[in-house]
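4 protein chains.
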Amino acid sequence: MIYKRKVNFYETDAQGIVHHSNYPRYFEEARGYYLEKIGHPYEKIREKFNIDIVLVELSIQYKRPLFFGDTFEIEFDIVQMDRFTFTFKYTVKNKNKIIALGETRHVCLNRKSRNVVSIPDILKIKYKKDVQT
Amino acid sequence: MIYKRKVNFYETDAQGIVHHSNYPRYFEEARGYYLEKIGHPYEKIREKFNIDIVLVELSIQYKRPLFFGDTFEIEFDIVQMDRFTFTFKYTVKNKNKIIALGETRHVCLNRKSRNVVSIPDILKIKYKKDVQT
Amino acid sequence: MIYKRKVNFYETDAQGIVHHSNYPRYFEEARGYYLEKIGHPYEKIREKFNIDIVLVELSIQYKRPLFFGDTFEIEFDIVQMDRFTFTFKYTVKNKNKIIALGETRHVCLNRKSRNVVSIPDILKIKYKKDVQT
Amino acid sequence: MIYKRKVNFYETDAQGIVHHSNYPRYFEEARGYYLEKIGHPYEKIREKFNIDIVLVELSIQYKRPLFFGDTFEIEFDIVQMDRFTFTFKYTVKNKNKIIALGETRHVCLNRKSRNVVSIPDILKIKYKKDVQT
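Heads up: the protein sequence lines correspond to chains Y, B, D and S, in order.
One gets our numbering by counting positions in the first sequence from 1 and adding 90 to each.
One gets our numbering by counting positions in the second sequence from 1 and adding 90 to each.
One gets our numbering by counting positions in the third sequence from 1 and adding 90 to each.
One gets our numbering by counting positions in the fourth sequence from 1 and adding 90 to each.
Bound conformation, chain Y alone:
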């Protein structure tokens, strides 16, 4: 899937580039876009299954900077899923140049107990379909 986005001025820092702490936020936006595109926006999933999706691992390799005014693309997808965890991979690109590579791993928690619960079937079904094609 591809998520496109323009850099906001408030995301830059005194080096004149996008501050590295914004990339996890861009990835979160991409995941939100993903859930929306497959017809299950995160805000609906949260309510329906009474879960929070939390991030348990994050890694990013920064290759080139993003500047104010840049429009970048995030190519991303789910690359792993089992009963309790799933992993997204991201490639941030600007005009076909690789800006950054990222990976995030997630689990679902019950919103009251904060205990890990199994991933809702609607996410698993989508993932299986993707892998089979």
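The reader is advised that the hints may include incorrect statements.
Which copy is meant is left open, so a pair is good if it fits within one copy or across any two.
Below, simulated DSSO-like cross-link-like pairs (lysine-lysine); rule was C-alpha separation at most 30 Å, straight line [unchecked claim]:
#: 1; residue 1: 187; residue 2: 134
#: 2; residue 1: 185; residue 2: 94
#: 3; residue 1: 187; residue 2: 214
#: 4; residue 1: 127; residue 2: 185
#: 5; residue 1: 138; residue 2: 187
#: 6; residue 1: 185; residue 2: 138
#: 7; residue 1: 179; residue 2: 202
#: 8; residue 1: 134; residue 2: 185
#: 9; residue 1: 185; residue 2: 214
#: 10; residue 1: 185; residue 2: 202
The hints are simulated quantities; they were obtained by calculation from the structure and are not laboratory data.
Chains B, D and S: place on chain Y using the hints.
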């Protein structure tokens, strides 16, 4: 009261100065510091009275920029309080130069109903004592 | 002009609503959108005229909260302009309910000297045309 | 080295916990604290050597959440340094419980050319001394 703070690099923007959206955050830190100093940290107040303190009005005049590496002071105090609202005023200074002037007005909400409730007495008592001295 | 936007999860706080410090950022996005729509994106203006547009005054009245999943609209326009300053007014709406009212005043600085310079004609021309119609 | 910090309310999200994108910012604060403690604050290094220290790799494992009101500690140090790169490792703790583990790798860039330059000797000397003891 005075709250002292160093500028973080991630708070700067591509103009090389602290981005204006950080000042409301600095003011929030100052208010947290205030509640702590008077012996009623916000996290305790939230639980004890089941309230959220919300901001209903904000105004800031930006006089001079803050740069990375600057240590600034916020001189601030409660300047108004009635049954339902209270107002903080802030003067941000760096080496005796005025950086910014700010004002925030607040109400307390019941955390469940989100209805406005009267300000806890512990805040009112502190305010009255200050005004009388 | 109208700028439309979805709330990002990372913009919410532990009250479950959009943190107030994001509104100045939303306004900045709206201004960026404005400059783009009139054919003079901020990144181009910055380079061409060697200026930074800085914010000197900000005021916001918060009427209702925004929640994660909300899509809001900002109705906004330039309401004042003289040789050195200009003012934007904003109305943040969610499904026709007013969320917040805002106002920001700006000046242009030479990027090297950080001195105030007069507003580029391209902005003035646009403003005059708007006022006359 | 240990860097201590209180959670700010604006760092929490609608899950009621510190949003994951703040951890890279906490690590940056810790690095700033480190440079200050060894007598070479980042703002001085930037000017003196005309360099920016940029982050090229980031990884974080999130073990437990941080809540508003928590005071956490970051135990951290430089664990690798060669001519061009150095690596910090971080353990975020709250009351002796591990909250998160992190690692960041950095290079120095010439601020004009944005080319990689060798790490200033003052950082190398400090590192060698640490390793030898």
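Verification of the supplied hints:
1. 187 to 134: Cα proximity of residue 187 and residue 134: across copies only (22 Å, versus 35 Å in one copy).
2. 185 to 94: Both: 12 Å inside a chain and 25 Å across chains, each within 30 Å.
3. 187 to 214: This pair counts as neither: shortest intra-copy Cα distance 32 Å, inter-copy 33 Å.
4. 127 to 185: both (24 Å within a copy, 22 Å between copies)
5. 138 to 187: Classified as between; 26 Å across copies, 40 Å inside a copy.
6. 185 to 138: For residue 185 and residue 138, only the inter-copy Cα distance (23 Å) is at most 30 Å; the intra-copy one is 39 Å.
7. 179 to 202: within (29 Å within a copy, 33 Å between copies)
8. 134 to 185: between (34 Å within a copy, 18 Å between copies)
9. 185 to 214: Classified as neither; 33 Å inside a copy, 33 Å across copies.
10. 185 to 202: between (44 Å within a copy, 23 Å between copies)
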